[in-house]
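**Student:** Please work from the sequences and hints to get the whole structure.
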Amino acid sequence: MSDESQKAKAKKTAAAPKAAGSGKPAATRTRKPASQAAGASRIPARVDVLKTYKLFVGGKFPRSESGRVYEVTDSQGRWLANAPQSSRKDARDAVVAARKAFGGWSGATAYNRGQILYRVAEMLEGRRAQFTAEVAAAEGLTEAAAAAQVDAAVDRWVWYAGWSDKVAQVVGGANPVAGPFFNLSTPEPTGVVAVLAPQESSFLGLVSVLAPVIVTGNTAVLVPSEKAPLPALSLAEVLATSDVPGGVVNVLSGRTREVGATLAAHQDVNAIDLTGAAGDPGLAKELEAAAADNLKRVRRPEERETDWSADPGTSRLLSCLETKTVWHPMGV
Amino acid sequence: MTDQIFEYAPAPESRAIVDIAPSYGLFIDGEFREAAEGKVFKTVSPSTEEVLSEVAQAGTADVDDAVRAARAAFTGWSALPGTERAKYIFRIARILQERARELAVLETLDNGKPIRETRDADLPLVAAHFFYYAGWADKLEHAGFGPAPRPLGVAGQVIPWNFPLLMLAWKIAPALATGNTVVLKPAETTPLSALFFADVCRQAGLPKGVVNILTGDGATGAGLVAHPGIDKVAFTGSTAVGKEIARTVAGTRKKVTLELGGKGANIVFDDAPIDQAVEGIVNGIYFNQGQVCCAGSRLLVQESVQDELLDALKRRLGTLRVGDPMDKNTDVGAINSAEQLARITELADSGEAEGAERWSAPCELPSNGYWFAPTVFTGVSQAHRIAREEIFGPVLSVLTFRTPDEAVAKANNTPYGLSAGIWTEKGSRILAMANKLRAGVVWANTFNKFDPTSPFGGYQESGYGREGGRHGLEAYLDV
Numbered sequence: 001m002s003d004e005s006q007k008a009k010a011k012k013t014a015a016a017p018k019a020a021g022s023g024k025p026a027a028t029r030t031r032k033p034a035s036q037a038a039g040a041s042r043i044p045a046r047v048d049v050l051k052t053y054k055l056f057v058g059g060k061f062p063r064s065e066s067g068r069v070y071e072v073t074d075s076q077g078r079w080l081a082n083a084p085q086s087s088r089k090d091a092r093d094a095v096v097a098a099r100k101a102f103g104g105w106s107g108a109t110a111y112n113r114g115q116i117l118y119r120v121a122e123m124l125e126g127r128r129a130q131f132t133a134e135v136a137a138a139e140g141l142t143e144a145a146a147a148a149q150v151d152a153a154v155d156r157w158v159w160y161a162g163w164s165d166k167v168a169q170v171v172g173g174a175n176p177v178a179g180p181f182f183n184l185s186t187p188e189p190t191g192v193v194a195v196l197a198p199q200e201s202s203f204l205g206l207v208s209v210l211a212p213v214i215v216t217g218n219t220a221v222l223v224p225s226e227k228a229p230l231p232a233l234s235l236a237e238v239l240a241t242s243d244v245p246g247g248v249v250n251v252l253s254g255r256t257r258e259v260g261a262t263l264a265a266h267q268d269v270n271a272i273d274l275t276g277a278a279g280d281p282g283l284a285k286e287l288e289a290a291a292a293d294n295l296k297r298v299r300r301p302e303e304r305e306t307d308w309s310a311d312p313g314t315s316r317l318l319s320c321l322e323t324k325t326v327w328h329p330m331g332v
Numbered sequence: 001m002t003d004q005i006f007e008y009a010p011a012p013e014s015r016a017i018v019d020i021a022p023s024y025g026l027f028i029d030g031e032f033r034e035a036a037e038g039k040v041f042k043t044v045s046p047s048t049e050e051v052l053s054e055v056a057q058a059g060t061a062d063v064d065d066a067v068r069a070a071r072a073a074f075t076g077w078s079a080l081p082g083t084e085r086a087k088y089i090f091r092i093a094r095i096l097q098e099r100a101r102e103l104a105v106l107e108t109l110d111n112g113k114p115i116r117e118t119r120d121a122d123l124p125l126v127a128a129h130f131f132y133y134a135g136w137a138d139k140l141e142h143a144g145f146g147p148a149p150r151p152l153g154v155a156g157q158v159i160p161w162n163f164p165l166l167m168l169a170w171k172i173a174p175a176l177a178t179g180n181t182v183v184l185k186p187a188e189t190t191p192l193s194a195l196f197f198a199d200v201c202r203q204a205g206l207p208k209g210v211v212n213i214l215t216g217d218g219a220t221g222a223g224l225v226a227h228p229g230i231d232k233v234a235f236t237g238s239t240a241v242g243k244e245i246a247r248t249v250a251g252t253r254k255k256v257t258l259e260l261g262g263k264g265a266n267i268v269f270d271d272a273p274i275d276q277a278v279e280g281i282v283n284g285i286y287f288n289q290g291q292v293c294c295a296g297s298r299l300l301v302q303e304s305v306q307d308e309l310l311d312a313l314k315r316r317l318g319t320l321r322v323g324d325p326m327d328k329n330t331d332v333g334a335i336n337s338a339e340q341l342a343r344i345t346e347l348a349d350s351g352e353a354e355g356a357e358r359w360s361a362p363c364e365l366p367s368n369g370y371w372f373a374p375t376v377f378t379g380v381s382q383a384h385r386i387a388r389e390e391i392f393g394p395v396l397s398v399l400t401f402r403t404p405d406e407a408v409a410k411a412n413n414t415p416y417g418l419s420a421g422i423w424t425e426k427g428s429r430i431l432a433m434a435n436k437l438r439a440g441v442v443w444a445n446t447f448n449k450f451d452p453t454s455p456f457g458g459y460q461e462s463g464y465g466r467e468g469g470r471h472g473l474e475a476y477l478d479v
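Chains as they are written, first to last, in UniProt numbering: chain A, 1 to 332; chain B, 1 to 479.
Just to be clear, a hint being listed does not mean it is correct.
[Claimed, not checked] Covered by chain B, according to a simulated footprint, are these stretches of chain A (three or more residues, beta-carbon under 8 Å):
| hint | stretch |
| --- | --- |
| 1 | 178-186 |
| 2 | 288-295 |
| 3 | 322-330 |
The set of hints was computed from the structure by calculation and includes no laboratory data. Cβ coordinates follow ideal geometry from the N, Cα and C atoms, glycine included.
**Tutor:** As structure tokens, then:
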């Protein structure tokens, strides 16, 4: 493992300007809009194999049951792909999958969760070129700037992975009650968490809101950036090949308002992160009010624009936790 | 009662120690004043229906005034060095200890709970809570919330009638320690101890406007929660009102903590010491007439010991002394209000109507006041209303299980998640069960224990946020 990571590190520094491990910059390959390819007068020597982007629900990659897709374009408005436009039914299916996965994931040892999430970082590292291309296209960044975002996202994933078996020691502990009891408080995951990912930062922002939710044992239904969902849908492929149990993360591309409304009102969702509703106070208020019906824990959008490259602190890590306090009698 | 083992002579606590005025105003900016609209309401003793006093009913203008006073006081209070803030709170803790008997009697008169409980549980915990949080005031930078955690501003706090002064302590102590100022609304049926607390603040020399007390009804509370001048809402009460509050604050920057209802499972395994478990069950559901959000209102008993346990439980319930809360031998006092009694009665009747078997302890209930005999329902299914809804009264619903997994499934089959109890001699089973129960507080071989150092609060629809301990600071800090 240490060999591998060293190799990966070397690769990272050596191949920074170009996409790693490929003669042809993957960026160009993935970024080339199909309409351009189709409309080009000259037929290329090799026709690209385009990817059908699909949802990620319960460890599988379904299309939206509604049959709907919407056009995803790059920052210049050029067609990149059709993304599934999730429906209410897709959202409900995702919640069912997330609930089903919750027992196993929250019951796994913290060490095990940490190992699995570290594995995700390893898989991400190997796909840096692909994500760099997707992020560059989605956010209109230069390849170098996009690569920096991806690197930061991988590093953030590693950072959060390491929290799995530390958070209980930081926020839990024994309480010195005035009586013959051993009294212990421990953090536990809240349950199924709906996460509206940031609209602007399609990958670093996405990782920064998803990793802290699942590392503590929650399961997530993730609504990626509406206009830039492709990095999230590709992340699902990484999760699917990283021993993350199916249903722990579910990804629903589509209209934030539509999917968000279903999740905010869903009675089997325990918490909702409204980060993706930043910039739309009306929507944030509506979703928070809907969330009150079963007293979901609500993380409101930040007032100011978030700098996703900054040190995230523990706020997100701790926002989907419950404290359980157990009283054990002492006696002989 | 014919089969009672002992006859007790009356042992009434003297009410001479407390001097209740015929009327009370609102406590705003360090002064008592009448409500702007001049409205008042009566508070009665639920054990006798005697009118104890008349208190002011705060309206919109009074909420405005109180919030303004708290805002004005915030600048100075939050700027005060923690060590100095701490000393005020220590003073309050000490004065509460000195006046504990007076406050216990007052609380029993206004609430209807037995003097034994106010004297031995409520008041000691109230003083301990202030003492604990006083010590935090100058140590906040070490509490794990960053190097310089800041207070939020003005806290609007709405508390229930089941533990009037204790809930006040849970709200005010951490708020003051962290440098916030407070507008607190006590429950409509139990305003007196909060008004006496205002006098404790006066004796402690607490700066004006740091604590403001508004008496009133639900509309007063709603007005306070919705007031744009507050930065923090802390509420203890029903889940229905909690949801309303969550809707009210949607779209604002107000920080909210909610401590709401429960339907706690008290799980008894076949290896549990039966006599101890019976005491725990009694304490779990008949303490404070069952008007406890974390009550063990669902008894889950392992099938093999059901008969033995229920026989012992009924025998024990036959010896409970129900009646005059001012009598020092009384175990179960009065229900807090006619309204609450009606709710308990309605839900208990639904239990019978839905087919559960009802048994009530043989006891004579006083003719005046609001009373409900300790009651046990057997043959309860998970679908019955008495197994799903919070009764908030001395009514126990008994269900059975065969395996630990079944016990977990049944215990967790509720939208609530506040408390649970486990009775078994097997330590590893306690740990495994405690892990699987989705509840904020789990008591093993004990029940209804509280401590200022111990975080308290629920999962799911029992609310969010924790009160008590280091965790309780977070609700009042900008983190």
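**Student:** Each hint should be assessed against the structure and marked as holding or not.
**Tutor:** Right, here's what the structure says about each hint:
1. For the stretch 178-186 of chain A, the proposed coverage by chain B is satisfied: 5 residues have a C-beta within less than 8 Å of a C-beta in that chain, meeting the threshold of three.
2. Counting residues of the stretch 288-295 of chain A whose beta carbon lies closer than 8 Å to any beta carbon of chain B gives 7, which reaches the threshold of three, so the coverage claim holds.
3. Note: the stretch 322-330 of chain A has 8 residues with beta-carbon separation from chain B under 8 Å; the three-residue rule is met and the coverage holds.
Hint check: no violations occur; every hint is consistent with the structure.
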